[in-house]
Amino acid sequence: MMNPNDSLVDWVMKTVPTMGAGWCPPGMLGIGVGGTAEKAMMLAKEALMEPIDMFDLLARGPANKLEELRIELYEKVNALGIGAQGLGGLTTVLDVKIALYPTHAAGKPVAMIPNCAATRHAHVVMDGSGSVYLDPPSLDLWPNVSWAPDYDKSRKVDLNTLTREQVASWKPGDTLLLSGRMLTGRDAAHKRIQDMLAKGEKLPVDFSNRVIYYVGPVDPVRDEVMGPAGPTTATRMDKFTEMMLAQTGLIGMIGKAERGPAAIEAIKKHKSAYLMAVGGAAYLVAKAIKQAKVVGFADLGMEAIYEFDVQDMPVTVAVDSHGSSVHDTGPKEWQAKIGKIPVVTA
Amino acid sequence: MPTTTIRHADLVETVAAALQYISYYHPADYITHLARAYEREASPAAKDAIAQILTNSKMCAQGHRPICQDTGVVNVFLKIGMDVRFEGFPGSIEDAVNEGVRRAYTDPDNPLRASVLADPLFERKNTRDNTPAVTHMTVVPGHQLEVTVAAKGGGSENKS
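Chains V and F, in that order, give the protein sequences. Take the first sequence: its letters are residues 1 to 346, numbered as in our numbering. Take the second sequence: its letters are residues 1001 to 1160, numbered as in our numbering.
In case anyone wonders, no lab produced these hints; they're calculated from the structure. Just so it is clear, CB atoms sit at the ideal spot from N, CA and C, and this is done for glycine as well. Worth double-checking, as some hints may not be accurate.
[Said to hold, decoys possible] On the chain V side, residues computed to face chain F include the following (Cβ under 10 Å): (1) G20; (2) C116; (3) V132.
[Claimed, not checked] The list that follows gives simulated cross-link-like pairs (lysine-lysine, DSS-like), each with its CA atoms no further than 27 Å apart: (4) V:K191 x V:K76; (5) F:K1125 x V:K191; (6) V:K153 x V:K76; (7) V:K268 x V:K332; (8) F:K1159 x V:K191; (9) F:K1159 x V:K239; (10) F:K1159 x V:K76; (11) V:K108 x F:K1159; (12) V:K337 x V:K76; (13) V:K14 x V:K156; (14) V:K337 x V:K153; (15) F:K1079 x V:K332; (16) V:K239 x F:K1125; (17) V:K269 x V:K191; (18) F:K1125 x V:K293; (19) V:K202 x F:K1125; (20) V:K14 x V:K239; (21) V:K269 x V:K239; (22) F:K1159 x V:K14; (23) V:K340 x V:K14; (24) V:K156 x V:K269; (25) V:K39 x V:K65; (26) V:K108 x V:K76; (27) V:K271 x V:K332; (28) V:K39 x F:K1079; (29) F:K1125 x V:K199; (30) V:K269 x V:K332; (31) V:K39 x F:K1159; (32) V:K271 x V:K239.
One chain only, chain V, in its complex shape (with noise of 0.2 Å):
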């Protein structure tokens, strides 16, 4: 709730650094302001299903002072460099909706709710002569871009033999091709292997010289090895990290975002690493998994330990066994470049 004179650009910008990169960027910011406490967070939730349309506005010009207040908005926190995925880029957000509504006199109540690279909503209307489907778009949508691994720029890393001095030598940045077995594990599982070290318990897997990939797949169908596997946020996982380093065997992770202070001591002090994998490439990951079995906690659903075997999956360091973070350089980095850019609105 803020004072009917606090400035929303100076809180929009004070608050969108202190989010990380775990709601997934690019997407989009929505703002409500107004009502009451929870009514502004309708409004931010309902702007988020409005159509992206920041090119248009930025082309044809604003013509109110929220349009005005949006173009500011989104030039100003593009400007903080964040970047796709936290990596450090021209475009954190595609577009700013805010939507607002009357208030009282005494506060200002906003809300603000972002929406990641996986954005999905559709409108449709019923008037009583059946149900609805929408068409499917057409696959000219979509531009002439084709990822695939990159063999030059990529170091490709065995994982079956993987060493902690290898794991070592890694730098910030770096993008791997990782093929070969790696464990799974998100949440719940951390949990309960929190609990059965504790009571002094053997776990259902040797975590010994073996990477953890922070995940929660979709269910294979038909001839799948795997569902969508993309990665979680791996922030939730920091206060495990000092465990799973210490008294576990593990020597590296792999998740989505950036690490807390905590995390990175950990692997700092472990000589350990941490990769990041693009989230919102779900499918696209999963299409490196050749084998896939649940190895332990089996009754976790999703949450379960998986065994992957994946070929060329792609990730990059984002914490070196040094504790340098790209989460935190990337952005700096472009943060000073965006700098000396000269803003071009059209």
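Keeping the supplied structure of chain V fixed, place chain F upon it in accordance with the hints.
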């Protein structure tokens, strides 16, 4: 103006079909804007990430499989015309929406991930079919039912 009748089976099917649709088709406006962002991106790491997102998106559109493994919690906004009546509903409108969610998330051709827990504070046990949705309804003049569905991932919702 005549009263419009919305049948239970049609609302369930419409919600289910829309949820399947958005699981593998990005909105067109998102793709056109992301394609523009790809063209102008100068940071190699960010450009590579956007290339992966665009390639993944097209693969999902072709393969009819989810864009993201987090197939979200379902948010539904219903704008109910005041001249609409509902027929054949065994329970509430929310129950019908949840039936649509259940059908979409357990579709054998494209099963989606069940991410919803029945109890947020104690047992946190998965409901297995991604129900319930969070449904918001408003009543407006008119004789149509406007249905907006969204599948909101936890990664972004957590940063609200």
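Hint check:
A distance limit of 10 Å between C-beta atoms decides the matter here; for G20 of chain V the minimum to chain F is near 7 Å, and the interface restraint holds. For C116 of chain V, the interface hint holds, since its Cβ comes within 10 Å of a Cβ in chain F; the closest pair sits about 4 Å apart. Contact between V132 of chain V and chain F, as hinted, is supported at the beta carbon level, the nearest pair being about 5 Å apart and thus within 10 Å. For the hint linking K191 of chain V to K76 of chain V, the alpha-carbon distance of about 39 Å lies beyond 27 Å, and the restraint is violated.
Between K1125 of chain F and K191 of chain V the CA atoms are separated by roughly 15 Å; this keeps the pair inside 27 Å, and the hint holds. A distance of roughly 32 Å separates the Cα atoms of K153 of chain V and K76 of chain V; the hinted pair therefore is violated under the 27 Å criterion. Note on K268 of chain V and K332 of chain V: the hinted pairing holds, with a Cα-Cα distance of about 21 Å set against a maximum of 27 Å. At most 27 Å may separate the alpha-carbon atoms for a hinted pair to count; K1159 of chain F and K191 of chain V meet this at roughly 22 Å.
Taken as a hint, the K1159 of chain F and K239 of chain V pair is honoured in the structure, with Cα atoms around 18 Å apart against an allowance of 27 Å. For the suggested pair K1159 of chain F and K76 of chain V, the alpha carbons sit about 19 Å apart, so the restraint of at most 27 Å is met. Proximity of K108 of chain V to K1159 of chain F is assessed by CA-CA distance (about 20 Å); at most 27 Å being required, the pair is judged to hold. Under the criterion of a C-alpha separation no larger than 27 Å, the hint pairing K337 of chain V with K76 of chain V is consistent with the structure, at around 14 Å.
A C-alpha spacing of about 39 Å is found between K14 of chain V and K156 of chain V, which places the hinted pair above 27 Å, so the restraint is violated. The hinted pair formed by K337 of chain V and K153 of chain V meets the criterion: a straight-line CA distance of about 23 Å does not exceed 27 Å. Of the supplied pair hints, the one linking K1079 of chain F and K332 of chain V is violated, its CA atoms being roughly 44 Å apart against a limit of 27 Å. Under the criterion of a C-alpha separation no larger than 27 Å, the hint pairing K239 of chain V with K1125 of chain F is consistent with the structure, at around 22 Å.
Between the alpha carbons of K269 of chain V and K191 of chain V the distance comes to roughly 22 Å, so the proposed pair stays at or under 27 Å and holds. For the given pair, K1125 of chain F sits about 23 Å from K293 of chain V by alpha-carbon distance, which is consistent with the 27 Å threshold. Taking the CA atoms of K202 of chain V and K1125 of chain F, the gap is near 25 Å; set against the 27 Å cutoff, the hint holds. For the suggested pair K14 of chain V and K239 of chain V, the alpha carbons sit about 25 Å apart, so the restraint of at most 27 Å is met.
The suggested pairing of K269 of chain V with K239 of chain V holds, with an alpha-carbon distance near 15 Å, which does not exceed 27 Å. Taking the CA atoms of K1159 of chain F and K14 of chain V, the gap is about 14 Å. The hint holds against a cut of 27 Å. Between K340 of chain V and K14 of chain V the CA atoms are separated by roughly 21 Å; this keeps the pair inside 27 Å, and the hint holds. Restraint check for K156 of chain V and K269 of chain V: the C-alpha separation of about 26 Å stays at or below 27 Å, so the hint holds.
Note on K39 of chain V and K65 of chain V: the hinted pairing holds, with a Cα-Cα distance of about 22 Å set against a maximum of 27 Å. Note on K108 of chain V and K76 of chain V: the hinted pairing holds, with a Cα-Cα distance of about 21 Å set against a maximum of 27 Å. The straight-line distance between the Cα atoms of K271 of chain V and K332 of chain V is roughly 24 Å, inside the 27 Å bound, and the hint therefore holds. Between K39 of chain V and K1079 of chain F the CA atoms are separated by roughly 17 Å; this keeps the pair inside 27 Å, and the hint holds.
In summary, the hint linking K1125 of chain F to K199 of chain V is supported, as the alpha carbons are separated by about 23 Å, within the 27 Å threshold. With a CA separation close to 25 Å, the supplied pair K269 of chain V and K332 of chain V stays within the 27 Å bound. Taking the CA atoms of K39 of chain V and K1159 of chain F, the gap is near 18 Å; set against the 27 Å cutoff, the hint holds. The suggested pairing of K271 of chain V with K239 of chain V holds, with an alpha-carbon distance near 17 Å, which does not exceed 27 Å.
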